[in-house]
Each structure stands twice: as structure tokens, then as C-alpha cells.
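There are 2 protein chains.
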Amino acid sequence: MPIHIDIDELVDRARDGQQRAVARLISLVEDAHPQLREVAKALTPYTGNAQIVGLTGPPGVGKSTSTSALLSALRKEGKRVGVLAIDPSSPFSGGALLGDRIRMTEHTTDIGVFIRSMATRGHLGGLAWATPQAVRVLDAAGFDVVLIETVGVGQSEVDVVKLADTTVLLLAPGMGDGIQAAKAGVLEIADVFVVNKADREGAETTVHDLKQMISFGRKEIRDHSWRQPIVRTVASTGEGVDDVLRALAEHREWLDKHGELVRRRVARAVSEVEAIALHRLRAELSHLRGGEELTALAKQVVDRELDPYTAAEKLIGDLKA
Amino acid sequence: MPIHIDIDELVDRARDGQQRAVARLISLVEDAHPQLREVAKALTPYTGNAQIVGLTGPPGVGKSTSTSALLSALRKEGKRVGVLAIDPSSPFSGGALLGDRIRMTEHTTDIGVFIRSMATRGHLGGLAWATPQAVRVLDAAGFDVVLIETVGVGQSEVDVVKLADTTVLLLAPGMGDGIQAAKAGVLEIADVFVVNKADREGAETTVHDLKQMISFGRKEIRDHSWRQPIVRTVASTGEGVDDVLRALAEHREWLDKHGELVRRRVARAVSEVEAIALHRLRAELSHLRGGEELTALAKQVVDRELDPYTAAEKLIGDLKA
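In the order they appear, the protein sequences are chains P and U. Counting in the numbering used here, the first sequence runs from 101 upward without gaps. Counting in the numbering used here, the second sequence runs from 101 upward without gaps.
Errors might be hidden in some of the hints.
No copy labels: a pair is met if it fits in one copy or bridges any two.
[What the hints assert, rightly or not] In the EDC-like style, the derived pairs of lysine to aspartate or glutamate whose C-alpha atoms are separated by at most 20 Å in a straight line are:
#1 Lys141 with Asp403
#2 Lys414 with Glu384
#3 Lys420 with Glu384
#4 Lys399 with Asp116
#5 Lys357 with Asp403
#6 Lys420 with Glu393
#7 Lys262 with Asp116
#8 Lys141 with Glu405
#9 Lys179 with Asp342
#10 Lys414 with Glu138
#11 Lys141 with Asp116
#12 Lys399 with Glu360
#13 Lys399 with Asp356
#14 Lys414 with Asp299
#15 Lys141 with Glu413
#16 Lys179 with Asp343
No wet-lab data here; the hints were simulated from the structure.
Kindly generate the complete structure, drawing on both the sequences and the hints.
Below, the structure written as C-alpha cells:
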């Protein structure tokens with residue numbers, strides 16, 4: 101039996117700048133705590149103020165260094181920043197990302213910064229379901245900017261980035277093939293391009309290739325007035341980071357002006373509500389007839405008495421009954 | 101309006117060994133064709149005979165070469181083999197896997213072999229939903245063995261491997277860190293370990309490390325009588341591949357003897373039926389009130405009139421109404 105938590109008090113403390121209260125609220129969300137809905141209700145009045153920025157790009161472009169540099173620059177402007185780092189939870193990787201997190205420890209003593217890794221491991225649509233809730237926690241806790249950083253290895257990560265108001269795609273020189281491969285899925289979701297490690301050989305080629313691809317793709321994938329800027333940075337020295345902030349501010353302004361901010365946020369809420377509903381429906385399916393219904397139907401499928409579609413139909417019929 | 105297809109005739113042709121009919125049936129499944137349920141019904145009487153083998157492992161261990169070598173060895177035994185290669189569809193990768201597929205062209209003129217790549221890109225749980233159906237097609241078409249090969253980069257791939265009767269984990273020398281990282285998620289799903297590139301330096305260290313981890317993990321994660329064998333191979337020359345076949349046959353025998361085969365297949369059918377039901381429910385949610393319901397609720401969430409949980413509850417209420 102879980103202990104009952106005073107959610108309103110927890111939200112008050114989070115809004116008061118207490119890191120542990122923020123961490124606790126995100127944990128409640130991640131763990132699908134029984135008081136989850138109470139959490140969402142308590143947060144709702146305070147949401148809608150943060151700027152949600154997604155950061156993605158292929159491995160090796162310096163995403164963590166860039167996130168860290170952006171954090172520092174935003175802090176200098178007096179902004180409070182929350183970071184959600186989405187781990188793909190590959191059973192075969194793991195080390196690198198942890199190292200990345202450790203590099204960010206310079207920020208951990210700063211109460212204007214909150215950093216949290218979120219794992220994609222787990223139930224169907226787990227990340228799609230938990231990430232918007234975690235964003236909601238940081239938003240309600242008064243963070244001015246929420247950065248969602250993904251390692252960009254799968255569709256679910258791209259989906260998460262789609263939840264942002266503004267999406268930044270990081271690239272680096274010498275990844276020409278990477279850009280080519282990235283073309284299909286990613287050009288259309290990027291609002292701002294950043295070519296990091298711009299002091300290295302090949303940076304101008306990368307910018308050039310990117311420009312060509314943008315102009316090629318623009319007609320098909322964009323028919324509005326935002327022209328995706330390409331910003332050069334050297335995240336390790338902080339060079340160009342102010343230009344990224346400027347691009348973010350300009351994009352935010354553009355979003356507001358064209359009603360695109362509301363449109364994106366409604367799309368985000370559609371995903372969020374849908375994910376919560378599906379999560380709930382999945383639980384209901386598993387519990388039909390004391391949890392026996394689904395297994396009984398599965399046995400009939402294995403015994404060739406029933407095809408899986410008819411079985412699914414019966415299951416839905418019982419759910420609605 | 102899609103053309104109506106004579107499914108029974110298509111299934112007959114697939115069972116008759118016609119590759120194009122098999123390919124067509126899998127496409128119908130992948131594209132969620134309106135006659136999907138008819139396909140499942142027509143296949144059901146012929147299912148349950150194939151041995152379903154999952155192959156996974158970190159990048160660079162020689163998964164494609166191993167799949168190809170296994171294919172050749174199984175063909176020599178006169179077995180018909182279907183291969184489903186699961187692509188992770190990273191927006192940032194792409195090239196390598198295509199190359200791997202091309203290496204398998206030596207088998208493409210052999211009608212006892214069918215090879216198909218399946219992309220994970222797409223809707224929520226898309227792969228979880230389409231893969232078992234594709235397995236069903238190959239099973240019903242009379243393939244003796246169905247190999248599901250994944251590149252092993254995410255939870256969804258691990259989930260797919262869980263759908264197999266027998267799961268083979270491939271490793272290679274010089275990937276000590278990889279093994280460590282793999283420990284948590286993968287040791288428990290592997291029935292057979294293969295150390296490929298066993299002629300290379302460090303192979304014995306890999307076998308040794310693996311043995312240690314198995315003996316360490318065994319108590320916690322396995323309390324039945326199957327002892328996971330470790331087989332050494334050099335897939336590029338075919339060395340040791342017969343030992344893999346022997347391990348597969350022994351595991352199959354063990355599965356039968358302990359009622360584990362039925363248990364695994366029921367678990368698979370549970371996932372399958374659940375995925376179909378959720379897919380259907382998702383579509384129903386999206387279409388409530390002519391598709392307006394979900395968006396209207398999302399707008400209320402953005403306007404802070406409703407928390408997303410209450411919105412999801414309303415949505416479910418309308419679904420059941």
C-alpha cells in the first residue's frame with residue numbers, strides 16, 4: 101500500500117524552487133503512482149509558461165556539451181532551466197550517456213537548473229506517456245525553459261522531440277553521410293540547425309550541404325514563413341551559443357505571431373491525452389475477468405480455434421460491456 | 101478504394117511455395133490492409149508448425165553473416181527458412197543495414213528461403229503489432245524455421261525477440277564492455293549464446309566472462325533446468341554453425357518436454373491480441389465525434405480547463421458509451 105502524499109504541498113514546494121520536490125513529482129509520474137491524476141490536476145493551473153525546446157542529433161555531435169553550454173548561457177540571462185535527457189535504454193549501450201550526465205555536474209549545485217534522465221525502457225508507449233507529464237512538472241515548477249535532449253536513435257525519440265515548441269537539430273563536420281541519412285526523418289522536424297564543432301575542418305561543407313538540403317526540401321515540407329536558420333557553434337568554448345539563444349527567441353516570437361504555438365501545444369496535448377487513455381485501456385484489457393480473459397483468448401489463438409483479430413474483437417467487446 | 105483481393109487463393113499460392121504470394125501477404129499485414137482480419141483467419145488453420153528463432157546482439161558481432169550462415173546450414177538439412185530482419189529505422193542510421201541485406205543476395209534465388217526487412221518506423225506499437233502477423237504468414241506458408249533478426253538497439257527489438265520460441269544472443273571478442281552493458285536486459289532473454297569471430301584474439305576471454313555472468317545471474321533469473329549453452333562460431337567460414345543448429349534443436353526439445361513451448365506461445369499470443377486490440381482502440385479514440393473529440397479535449401488541456409487525466413477519462417467514457 102503506497103503512502104498517501106500531500107500533492108498540493110509537494111507542488112507548492114516545487115514552485116518554491118525545492119529541487120527534491122521537483123524530483124519527487126517526476127518520479128511519481130515515471131512510476132505511474134496511484135496519485136498521478138491528482139498530480140496532474142494540481143499542476144494544471146500553473147502550466148503553459150515554459151518554452152519547450154527539443155534537442156536532437158546523431159551520436160558524436162556534442163549534444164551534451166551543447167546542452168551544457170546552452171544551460172550556462174540561459175542561466176546568465178537569469179532563466180531557470182529544466183533538462184530532460186531521454187535515454188534510449190538500449191540493452192547494448194549505456195556507458196556513454198552516463199558519462200555525458202556526469203559532465204553536467206557543474207550545474208548540479210545551481211538551484212536554477214534541474215537535470216533528469218528519463219529511460220525509454222518499459223511498457224508500450226511508456227516514454228510518450230511519461231515525458232509530457234515530466235515537462236508539465238517542470239513547467240508548473242516555474243522553469244522558464246525546458247530542454248528535452250534525446251540521443252536520436254529511434255522513432256520514439258523523434259516523437260518526443262515533436263512535443264517541443266522548438267526543435268534544434270545538432271550536426272557536426274565530417275558527418276556528411278549522417279546528414280544524408282538524417283534527411284528523410286529529421287529535416288522536417290527541425291526549426292533550428294546547429295553545426296557544432298564549427299572550428300573543425302569540413303564545417304563549411306556541412307553548412308553548405310545543409311543549405312542545399314533545406315532549399316531542396318523546403319517546398320515540399322514547409323509552406324509557411326519560418327526559414328530554418330543554420331547556426332555555427334563550438335559548444336566546448338561557448339562560441340556561437342548566444343546565436344542559438346537568439347534563434348530560439350526568434351522562433352518563439354514567430355510561433356506566437358502565427359498561432360503556431362497553440363497549434364503545436366494542442367497537437368502535444370492530443371498525443372498526451374491519447375497516450376494516457378491507451379495506457380489505461382491497456383490496463384483494463386489485462387484485468388478483464390480477473391486477468392483471465394486475455395490469456396484464455398490467447399490460448400484459443402495458439403490452439404487455432406480463433407484468429408488473433410477475432411480474439412481482439414471479443415476482448416474489445418468485453419471491455420465495452 | 102482498395103482492390104478486393106482473393107485471400108484464400110493468395111494463401112494457397114503462398115503455401116505452394118510462391119515467394120510473391122508470401123511477400124504480398126506480409127505487405128498486407130504491414131500496411132494494415134482492410135482485409136487484414138480475413139488474412140489472419142485464412143492463415144490460422146496452418147499455423148503452429150514453424151520453429152521461431154530470435155537472433156540479437158550488439159552492432160558489429162556479425163549478425164547478418166551469422167544469419168546467412170545459419171540459413172545455408174538449415175537449407176542443407178532441407179529446411180525452408182523465412183527471415184524477418186527488424187530495422188530500427190533510426191533517422192540517423194540506415195546505410196549499414198541495407199548493406200547487410202545485400203550480402204544475403206546469395207539466397208535470393210532459392211525458393212526455400214524468404215527474406216524480408218521490417219521497419220519499426222510508424223505508429224505506436226507498430227512493430228509489436230505487425231511482426232507476429234508476419235511470423236504467422238511465414239509459419240502458415242510452410243517455412244520450417246522463422247528467424248527474427250534484430251539489430252538490438254531498443255526495447256521494442258528486445259520485445260520482438262521475446263516473441264521467439266528460442267532466442268540466440270550473438271557476441272564477439274573485444275566487446276567486454278558490450279557484454280557488461282548487455283547484462284541487465286539481455287542475459288535473461290537468451291536461450292543460446294553464440295560467441296562469433298571465435299578465431300580472433302580475446303574469444304576465450306569473452307567465453308570466460310560470459311560463463312561467469314551466466315553462473316552469477318542464473319539463480320536469480322532462471323530456476324528451471326535449461327542451461328544456456330555457449331557456442332563458438334566463425335560465421336564467415338561456417339565454423340561452428342552446426343553446433344548452433346544442435347543447440348537450437350536441443351532447446352526445442354527441452355521446450356516441448358517442459359510445456360514451455362506452449363507457455364511461450366500463449367505469452368506471444370497475449371501480446372499479439374493485446375497489440376491488435378490497442379491498435380483498434382487507438383483508431384476508435386481518434387475517430388470519436390468525427391475526429392473532433394480528442395482535439396476538443398486537447399484544447400481544454402492547453403487552456404488549463406482540464407488536466408490530461410480527466411480528459412483521457414472523458415475520452416474513454418465516450419468510447420464505451
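Hints and how they fare:
1. For the identical chains of this complex, Lys141 and Asp403 are inter-copy neighbours only, at 13 Å across copies versus 46 Å inside a copy, given an alpha-carbon limit of 20 Å.
2. Taking the shortest Cα distances, Lys414 and Glu384 sit within 20 Å of each other both inside one copy (14 Å) and across copies (15 Å).
3. When the C-alpha separation of Lys420 and Glu384 is checked against a cutoff of 20 Å, the pair qualifies both within a copy, at 10 Å, and between copies, at 12 Å.
4. In the homo-oligomer, the alpha carbons of Lys399 and Asp116 never lie at most 20 Å apart, since the shortest distance is 54 Å inside one protomer and 28 Å across protomers.
5. For the homomeric pair Lys357 and Asp403, the shortest alpha-carbon distance between copies (18 Å) is at most 20 Å, but the shortest distance inside one copy (60 Å) is not.
6. When the C-alpha separation of Lys420 and Glu393 is checked against a cutoff of 20 Å, the pair qualifies both within a copy, at 14 Å, and between copies, at 18 Å.
7. For a Cα distance limit of 20 Å, the shortest separation of Lys262 from Asp116 qualifies neither inside one copy, at 30 Å, nor across copies, at 46 Å.
8. Proximity of Lys141 and Glu405 under a CA criterion of 20 Å is satisfied inter-copy only: 10 Å between copies versus 46 Å inside one chain copy.
9. Within a single copy, Lys179 and Asp342 get their C-alpha atoms as close as 14 Å, which meets the 20 Å cut-off; across copies the closest is 63 Å, which misses it.
10. Taking the shortest alpha-carbon separations for Lys414 and Glu138, only the inter-copy value of 16 Å comes in at or below 20 Å, while the best intra-copy value is 33 Å.
11. When the C-alpha separation of Lys141 and Asp116 is checked against a cutoff of 20 Å, the pair qualifies only within one copy, where the shortest distance is 18 Å, while the shortest distance between copies is 59 Å.
12. For the identical chains of this complex, Lys399 and Glu360 are inter-copy neighbours only, at 14 Å across copies versus 49 Å inside a copy, given an alpha-carbon limit of 20 Å.
13. With identical chains, the CA atoms of Lys399 and Asp356 are at most 20 Å apart between copies only, with a shortest distance of 16 Å across copies and 54 Å within one.
14. When the C-alpha separation of Lys414 and Asp299 is checked against a cutoff of 20 Å, the pair qualifies neither within a copy, at 62 Å, nor between copies, at 54 Å.
15. Only between protomers do Lys141 and Glu413 lie at most 20 Å apart by alpha-carbon distance; the minimum there is 13 Å, versus 34 Å within a single protomer.
16. In the homo-oligomer, the alpha carbons of Lys179 and Asp343 lie at most 20 Å apart inside one protomer (16 Å), although the nearest pairing across protomers, at 62 Å, exceeds that limit.
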